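Enquirer: Protein chains in written order, with my numbering: chain A, 1 to 297; chain B, 1001 to 1350; chain C, 2001 to 2318.
Any given hint might turn out to be false.
[What the hints assert, rightly or not] Just some of the chain B residues that point at chain C, by a computed CB distance under 10 Å:
#, residue
1, 1060
2, 1061
3, 1090
4, 1096
5, 1099
6, 1105
7, 1106
8, 1110
9, 1116
10, 1155
[What the hints assert, rightly or not] Distance condition first, Cα-Cα at most 25 Å in a straight line; then the derived DSS-like pairs of lysine-lysine:
#, chain 1, residue 1, chain 2, residue 2
11, A, 33, B, 1022
12, C, 2124, B, 1086
13, B, 1021, A, 33
14, C, 2224, B, 1064
15, B, 1072, B, 1178
16, B, 1037, B, 1205
17, C, 2224, B, 1115
18, B, 1019, B, 1086
19, B, 1021, C, 2124
[What the hints assert, rightly or not] Over 10 Å on every C-beta distance to chain A, these chain C residues come out as not near it, computed from the model:
#, residue
20, 2043
21, 2073
22, 2140
23, 2179
24, 2222
25, 2259
Keep in mind the hints are simulated off the structure, nothing from the lab.
Just so it is clear, the structure is predicted and the values come from calculations on it, not from any experiment.
For each residue, glycine too, the CB sits at the ideal point set by N, CA and C.
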Amino acid sequence: MAQVEETHLPKEKIENPRVRMWKMMFGRLFQNKLAVFGGVVTFGLIFTAIFAAWLAPHDPTEQNYSAVLQGPSLEYWFGTDNLGRDLFSRVIYGAQVSLQAGLISVGIALAIGVPIGLISGYYRGFLDEYIIMRLTDAMLSIPALVLALALAAVLGAGLTNAMIAIGLVLTPNFIRLIRGEVLAHREKEYVEAGKASGISDFKLIIKHILPNTMAPIMVQATLAIAAAIIVEASLSYLGLGTQPPDPSWGSMLANGQGYLDSAPWIALFPGFFIFLTVISINLFGDGIRDMLDPKMK
Amino acid sequence: MGEKMDAQLKVEDLHVGFKQKKSSVNILNGVSFQVYKGETLCIVGESGCGKSLTSLSIMGLLPKQGEVQGGKIEFEGENLVQKNMKQMSRLRGNDLSMIFQEPMTSLNPVHTVGKQVAEVVRTHRQVGKKEAYSRALEMFELVGIPSPAERLHNYPHELSGGMRQRVMIAMALACNPKLLIADEPTTALDVTIQAQILELLNDIKAERQMSIMMITHDLGVVSEVADRVLVMYAGEVIECANNRQLFNNPQHPYTQGLIASIPKLKEEKDELPIIEGSVPSPEKMPKGCRFSTRCPFAKQECLTDSPPLQEAEEHTVRCWMHTDRWEEMTPWKGVDEDGREATEQDLIRS
Amino acid sequence: MISFLLRRTGLMIVILFLVSVIVFALVNVLPGDPALLILGQEATDESLRALRAEMGLDQPLVVQYFVWVGDLLQGDFGQSFRNNTEVSSLLIQKIPVTLQLTVMSFAVAILIAIPAGIISATRKGTLWDSSATVFALSGVSLPPFWLGILLIFIFAVTLGWFPPSGYVSLTENVGLSLWYMLLPAVALGVRLSAELTRMLRSSLLEVLESDFIRTGYAKGLLEKSVVFGHALRNSIIPVITVSGLQFATFLGGTVITEEIFNIPGLGQLLVQSILTRDFPVVQGAVMFMAFAVIFINFTIDIVYSILDPRIKLTGGSN
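My request is simple: use the sequences and hints to build the entire structure.
Expert: Here it is, written out as structure tokens:
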């Protein structure tokens, strides 16, 4: 038999189709200028939060009674508040609080929501239809802020408890989303094939169904971080979130409201940063959504 | 017959294309034809040949990027190309009507069909609601909708496809149009319903002395309803003749191919002849005759020189074969004058 | 239709039942002894015990729950711990205030969203469209408390056109009442209007591509009649559904808006009673809000079927 000739492989390595897909998707993400803006600002804020101790020129809780209610200056970039604290430093540390609140509460919501959603959608039945779904209906019909307020009151004021409360409030959204995704996937051939070849339910859910629901979960999680930051700021504004003297944008806003006529910067700077953070995360989240599925626009 | 009759619609050297980011693409390249009063003209061609674009240009309903790049559309002695949105809307649905291919989606799902027909009447006539509805009822009777008074209050989704197309026809005829443009009116319908709708259009035309311009790719439909037939290929008119002439004596190789590909009951062939290849895209249009890339008879010059439209005895055709020059032309060798093999680049107009 | 109503009502009752369980559970794990709260630190053990017995607090939780629900069904929301007034009369007193805020905010939202959505969809790609898109993008990221403070700073403190906070009831002085409520309504309404603009734009863009829109033009209608007579109703159907889902968030916004502008409505009552652990008022207010959300969504389902004749209301599964 004649020698088998070497196949006509191109000189460069054939690109893994998965790698090519990701390249294409990131290409799409980078074309979206708003998403790039959102991503850059978001990562800038994360950087600021992580290195707050190095970036902040002052101790955010240090009170200086000789420099009370000062306007922005070279020494105090964003001015000082009624206790003479440096607002620039407080805004920087506030980023820490906000992002932490956003990330941890969404983490809590995912940790509870994903397993419940997976099980509920995969096994369906009475528990799913009559208990879990109706409970999420009930929770979703209580305004999120109201439920978070009540939960925060039950657990006691403070950032940790606020994050738990927000996490719990966000959970039903994730349960519904994941359950819906699982329902759509469980009828598909690959799941049927997996079942037929005797793969255990657990393995099927974790290894096959979960990865297929990652894209919408990622998008929803990103947008939920923005929502969580708003709720945390609201709770802090109402006095049930971060406790003084720790800097939180929400409580700084509440404090600044009393000085709108004499020292508006106390409220305006933290307020602006709440807006900047939320819009950046939203733009970035929208960008990820379009990246994963351009049709979903 | 043509010369004695008056033209209802006269399209002259119409160029239509699409605006793109910087340049624009030309689709219709100098289309000219006439629709005489009281006749049915069928425009035939493959999808993408520009027949729908022609009808949308006449109606002034080109999609947003579409633009008329040149030529005239004369209706009742007035050039439609120069009319603005408001002037056009006074004609549309009134003297100039159109029915579309998709009866399933062409009606607004949230209004009753009666309301939608009455709306045309109220748009163009100074009548009250009641009169408009009684006109709609009249139209429903005319187009053969059973128990019309009840159907007036139905929503589109409650009617079958054939009924919806009848509603569309009722709507189009409500203001006694002088010209009805029907763009593939029966394509989406069952065969039996198709026949009914065509018969209905024929009857109404005869009754009202209305002109019909029907767009179709179905030669069976053409032979049934057409007085005259216009064949289009790649944005150009390539042949035009009356119904019998065209079917008995097609002149253009493309038309011949089209007619040969109709299945006939008498002959039993294993295989139907087909036209090889597909319509060239607007960016890759051949320099010469647009059909040359697929034409079995093409000669050397066909690829580089555009044939003129030959008019003879009410049968016009655009093909070198029917000119005096044909005999002098060089047979196809696949090579150009210098003996060099013609590359694709040479054949595509810049 | 009737079977749909029955089914939907049944579902509504089940959800309300679950809401009541959640609300009751929440409030009853709140730390703090109501009897102590009412009588104060100096109360004797005996008087505390007597009050607990009187309030039924010595009963098992399940019994307490059914007593509470039984009273609720008779319209008895209990009594406030703070000033011994009926919770129901407190609610009745506060609801109109919040209702006024809600209605005015909705009006603001719709007055902005409908023109903005229509203009940006029909003038796609123009400066109008870009402005509307920027508005929608930034509007959804503007929390009402920040926008509220910004509005107070600009229009009350700096320009002095509006009062910075406070409330005048409609019965007292209609003009003054509307004037006081305008900034809060804008603060609360902008976010919803941004959301609605975004949805209306995309929904309208999709509808404008439909064949029946072309039919409208072919009939001889002008753009105005096509958009308002044919496109708008079709495109508003999905917008209405989603705005129902947004209603809960919106109602949550009233809480913080009322705090910022010092409006004595349901939200302010709720915050105060949470901070002072006035359980019966918290329970009553949350129950009422949840009921409002559930009822609005129920109504929207019905409106939906009226707007879209293709939807048949049946008792079948959703």
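Enquirer: None of the hints should be skipped; say for each whether it holds.
Expert: Results of checking the hints against the structure:
1. For residue 1060 (chain B), the suggested interface contact is upheld, since its CB lies about 8 Å from the closest CB of chain C, less than 10 Å.
2. Evaluation of the residue 1061 (chain B) hint against chain C yields a held restraint, the C-beta minimum of about 6 Å falling below 10 Å.
3. Because the closest C-beta pair between residue 1090 (chain B) and chain C is about 7 Å apart, less than 10 Å, the hint holds.
4. Proximity of residue 1096 (chain B) to chain C holds as hinted, the smallest CB-CB distance being about 9 Å (cut-off 10 Å).
5. Taking 10 Å as the C-beta contact cut-off toward chain C, the hint placing residue 1099 (chain B) at the interface holds, the least distance being around 8 Å.
6. Taking 10 Å as the C-beta contact cut-off toward chain C, the hint placing residue 1105 (chain B) at the interface holds, the least distance being around 4 Å.
7. At about 4 Å, the closest approach between the beta carbon of residue 1106 (chain B) and any beta carbon in chain C falls short of 10 Å, and the interface hint on this residue holds.
8. Given the 10 Å rule on beta carbons, the hint for residue 1110 (chain B) holds: about 5 Å separates it from the nearest Cβ of chain C.
9. Interface hint at residue 1116 (chain B): satisfied, since its Cβ lies 8 Å from the closest Cβ of chain C, which is below the 10 Å cut-off.
10. Among the interface hints, the one on residue 1155 (chain B) holds; its C-beta lies about 4 Å from the nearest C-beta in chain C, closer than the 10 Å criterion.
11. At most 25 Å may separate the alpha-carbon atoms for a hinted pair to count; residue 33 (chain A) and residue 1022 (chain B) meet this at roughly 22 Å.
12. Between the alpha carbons of residue 2124 (chain C) and residue 1086 (chain B) the distance comes to roughly 21 Å, so the proposed pair stays at or under 25 Å and holds.
13. Restraint check: the Cα-Cα separation between residue 1021 (chain B) and residue 33 (chain A) comes to about 20 Å, which is no more than 25 Å; the hinted pair holds.
14. Note on residue 2224 (chain C) and residue 1064 (chain B): the hinted pairing holds, with a Cα-Cα distance of about 17 Å set against a maximum of 25 Å.
15. Proposed proximity of residue 1072 (chain B) and residue 1178 (chain B) is supported: the alpha carbons are some 19 Å apart, at most 25 Å.
16. Using a Cα cut-off of 25 Å, the hinted pair residue 1037 (chain B) and residue 1205 (chain B) holds, with the two alpha carbons roughly 10 Å apart.
17. The hinted pair formed by residue 2224 (chain C) and residue 1115 (chain B) meets the criterion: a straight-line CA distance of about 18 Å does not exceed 25 Å.
18. This hinted pair checks out: residue 1019 (chain B) and residue 1086 (chain B) have alpha carbons roughly 23 Å apart, not beyond 25 Å.
19. Using a Cα cut-off of 25 Å, the hinted pair residue 1021 (chain B) and residue 2124 (chain C) holds, with the two alpha carbons roughly 15 Å apart.
20. Consistency note on residue 2043 (chain C): stated as away from chain A, and its beta-carbon is indeed over 10 Å from all of that chain's, at 23 Å minimum.
21. Listed as outside the interface, residue 2073 (chain C) is consistent with that label: its C-beta sits roughly 17 Å from the nearest C-beta of chain A, beyond the 10 Å cut-off.
22. Residue 2140 (chain C), annotated as away from the interface, has a beta carbon of chain A within 10 Å; the closest lies near 6 Å.
23. Look at residue 2179 (chain C): its CB is around 19 Å from the nearest CB on chain A, clear of 10 Å, so calling it non-interface holds up.
24. At roughly 29 Å from the closest C-beta of chain A, the C-beta of residue 2222 (chain C) stays outside 10 Å, upholding its exclusion from the interface.
25. Non-interface status of residue 2259 (chain C) relative to chain A is broken: a Cβ of that chain comes within 10 Å, the nearest being about 6 Å off.
Hint check: violations occur at hints 22 and 25; the rest are consistent with the structure.
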